[in-house]
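Asks: Make a model of the complete structure from these sequences and hints.
Order-wise, the sequence lines are chains H and C.
My numbering numbers the first residue of the first sequence as 1 and each following residue consecutively.
My numbering numbers the first residue of the second sequence as 1 and each following residue consecutively.
Do not rely on the hints blindly, as some may be mistaken.
[What the hints assert, rightly or not] A few chain C residues that don't get close to chain H, going by computed Cβ distances all over 10 angstroms:
| id | residue |
| --- | --- |
| 1 | G22 |
| 2 | Q47 |
| 3 | R49 |
| 4 | T88 |
| 5 | A91 |
| 6 | G94 |
| 7 | R157 |
| 8 | G180 |
| 9 | P186 |
| 10 | G211 |
[Unchecked claim] Calculated lysine-lysine pairs in the PhoX-like style (CA-CA distance at most 20 angstroms, straight line):
| id | chain 1 | residue 1 | chain 2 | residue 2 |
| --- | --- | --- | --- | --- |
| 11 | C | K139 | H | K81 |
| 12 | C | K252 | H | K289 |
| 13 | H | K321 | C | K252 |
| 14 | C | K252 | H | K309 |
| 15 | H | K319 | C | K252 |
| 16 | H | K261 | C | K139 |
| 17 | H | K256 | H | K16 |
Since the hints were derived computationally from the structure, they do not count as laboratory data.
In this text, a Cβ means the ideal position worked out from N, Cα and C, and glycines have one as well.
Chain by chain, the residues:
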Amino acid sequence: MSVLTYALHYEGEFNKNSLGAVSEGARLAGELGGEAGVVVVGGDDLTDELCATLGNYGAQKVYRAKAPEGLAQPVVDAMAKVIQDEGYKYALFGGGLLGFEIGAGLTARLGAGVTMEVTAVKVQDGGLVAERPILQDSAIVDVGYVGEPGIIIGRLNAFDIKETGGGAAEVVDVDVQLEEHSTRATMVQRGEQRGADVNIEDADILVAGGRGLGKAEGFEMCEQLAEALGGAVAATRAVVDAGWYPYAAQIGQTGKTVAPKLYLAAGISGAIQHKVGMQSSENIVAINKDPNAPIFEFSDLGVVGDLNKIVPKLTEAVKAKKG
Amino acid sequence: MKICVLVKEVPDAAVEKRMDQGSKRLDRSGEKNLNPFDTHAIEAAMQIREGGAVDVDEIVAVTMGPESAFRALHKAVSLGADRSVHLTDEALAGSDVCATGYALAKVLESESPDLVLLGQQSDDGECYTIGAVVADHLKMPSLTQVIKIDVQDGSLRCERQAEYGYDTVDVQLPAVISVGDAINEPRYPSLKAIMGAKKKPLDTRSTADVGIEADRVGEAGSHTAVLGINPPPQKQAGEIIEDEDTNETVEKIVSWLEERKLLA
Ligand SMILES: Cc1cc2nc3c(=O)[nH]c(=O)nc-3n(C[C@H](O)[C@H](O)[C@H](O)COP(=O)(O)OP(=O)(O)OC[C@H]3O[C@@H](n4cnc5c(N)ncnc54)[C@H](O)[C@@H]3O)c2cc1C
Ligand SMILES: Nc1ncnc2c1ncn2[C@@H]1O[C@H](COP(=O)(O)O)[C@@H](O)[C@H]1O
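Replies: Structure representation (structure tokens):
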């Protein structure tokens, strides 16, 4: 039973989550005794050399389709063709936004079962079973597939990248006839970086702010605390989309993944898409006025209270302590 | 232009959501409400209408769900929809994403909308996928997680955050767009609108009414099967401080940080 994955690329490099999916797909295909295939979609930047490097992560065959990049529907067309022509039994995706859209499109096109936010996949009775946390991660369901193919959409960072030491993958060009509707969306601008370019990935300490800060000016409080602690400031998507803080500081599914020594979250609810970008932090401190906020489920120190009262005083106390 | 907005009835945020071990479905008893993420989709439809760049003839709220789901439709109408459609049928119970998307596509087909709007996620199911499933069935272009829509001649200019930053994408109509919660601040319904909502037309449709093939929906038409429900791995619970005296609270935080050598 063969497993097909999709590898997203941008500016000549494959996406990390895609490489995780390729590694996981190769592992599962190996256990099932099938082939590990990868679909790549784009233009001339998808050189033979670049595609063949997917062999390092266990891919045996790379199917290359010429089509617009960064949009889901052309990839659905390409993957549906490869699945049907080559008989792949499973399609696996890393934790990106496109993976959700492509997996969903394939579900409709092929009448297939889909499981999303998957954190682990296991082989059981000769097929794949996906583990999916539900209800704010309070339970994990084991999901099996009825009929073929089965579609698995991973959670961000769920699958580790593993270099298998395999050789170059075979690169096969596939000729896809795009569906009419797949040509009706066009990218005008891709990957725009809004706001200042801040560096948060090298910081040992991050003070992260969310919608609970109330307004853009609330970030001044975070900046002062970060300065006192000797760290940098990070943010949630909610406040980045609202224009309160630059995109470069965003943590989570469509932002950065970090693992600092201290992650202090102020006014952040702890949504899954935020958690996936910071849960490996060594120490997590959360200040939130709602005792039921999900972030308290995975913080090491939870402070239930109003950040407007606590953060300024904490800044003073830290300053006093550090002298 | 005719806009259909997909809305869902979900357990109220205040209700503790859980799985029913017997049926292996979400336990949907208890207070229910309109999925909060869908109020952004209704608001987006209202702003397109009020924006004036295009004439919006009709905004139709559409749901698939048990009998009780009419209340979510009333709420949607109080927020601005002109009328609503309720797809309800015993045969639909237990539908997975594949079956739900197919069924919703069939009701939408019977309405021939120029634009379908959805929320970014349902508060209970959190699948993030229905939009793209529906779009493929309807053979329409689609985007999810959109946070800005500008109406152009025959198309929409949409913005969203994707893997590498913000993307701007032109999408030709008819299209299926799911909106992120940052797109707008939904209005509160007026008392008059709440009272009037019950009087607006509500069509109830069965699977047969919209040509749904019975073997493609419900538990039997689903392609995923829940094999088991397990508790998450036990994580040591963190310490909790309730802020009563802020000076004391801050002292506690500082010593906690000091113990871990984070104030070096
Ligand atoms: C496909 C997809 C991708 C996403 N990608 C990301 C991502 O990369 N990063 C990300 O962060 N999110 C992402 N999200 C969004 C995510 O689901 C949440 O909506 C977001 O993280 C919420 O941000 P928040 O915690 O700032 O806001 P909210 O969820 O609104 O939480 C605000 C919190 O502040 C608290 N609060 C309010 N006032 C105070 C006060 N005075 N004192 C103390 N506490 C207070 C409230 O109790 C609340 O818990 C994504 C979502 C989707 C669907
Ligand atoms: N049963 C349903 N009836 C109508 N709309 C739905 C239904 N389920 C999901 N949706 C729509 O699809 C969006 C995304 O849901 P989901 O993919 O389940 O997270 C929701 O915000 C709704 O707009």
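Asks: Run every hint past the structure and note whether it holds.
Replies: So, going through the hints one by one against the coordinates:
At the 10 angstroms boundary, the C-beta of G22 (chain C) stays outside the reach of chain H, the nearest C-beta of that chain being 14 angstroms off. Distance check for Q47 (chain C) against chain H: the nearest CB is about 16 angstroms away, which clears 10 angstroms, and the non-interface claim stands. Interface exclusion of R49 (chain C) from chain H stands, the closest Cβ pair being 23 angstroms apart, more than 10 angstroms. Its beta-carbon lying about 22 angstroms from the closest one in chain H, T88 (chain C) satisfies the requirement of being farther than 10 angstroms from that chain.
The beta carbon of A91 (chain C) is kept farther than 10 angstroms from every beta carbon of chain H, the shortest such distance being approximately 17 angstroms. Distance to chain H confirms G94 (chain C) as a non-interface residue, since its nearest Cβ pair spans about 12 angstroms, more than 10 angstroms. Residue placement check: R157 (chain C) does not keep its beta carbon more than 10 angstroms from all beta carbons of chain H (closest about 7 angstroms). At the 10 angstroms boundary, the C-beta of G180 (chain C) falls inside the reach of chain H, the nearest C-beta of that chain being 7 angstroms off.
Under the 10 angstroms C-beta cut-off, the non-interface status given to P186 (chain C) relative to chain H holds; the minimum distance is some 15 angstroms. Every C-beta of chain H lies more than 10 angstroms from that of G211 (chain C), the closest at about 16 angstroms, which supports listing it as non-interface. The hinted pair formed by K139 (chain C) and K81 (chain H) meets the criterion: a straight-line CA distance of about 17 angstroms does not exceed 20 angstroms. The hinted pair formed by K252 (chain C) and K289 (chain H) meets the criterion: a straight-line CA distance of about 17 angstroms does not exceed 20 angstroms.
Our distance criterion of 20 angstroms between C-alpha atoms is met by K321 (chain H) and K252 (chain C), whose separation comes to about 13 angstroms. Between the alpha carbons of K252 (chain C) and K309 (chain H) the distance comes to roughly 15 angstroms, so the proposed pair stays at or under 20 angstroms and holds. Annotation: proposed proximity of K319 (chain H) to K252 (chain C) holds, straight-line Cα distance about 15 angstroms (limit 20 angstroms). Taking the CA atoms of K261 (chain H) and K139 (chain C), the gap is near 48 angstroms; set against the 20 angstroms cutoff, the hint is violated.
This hinted pair checks out: K256 (chain H) and K16 (chain H) have alpha carbons roughly 11 angstroms apart, not beyond 20 angstroms.
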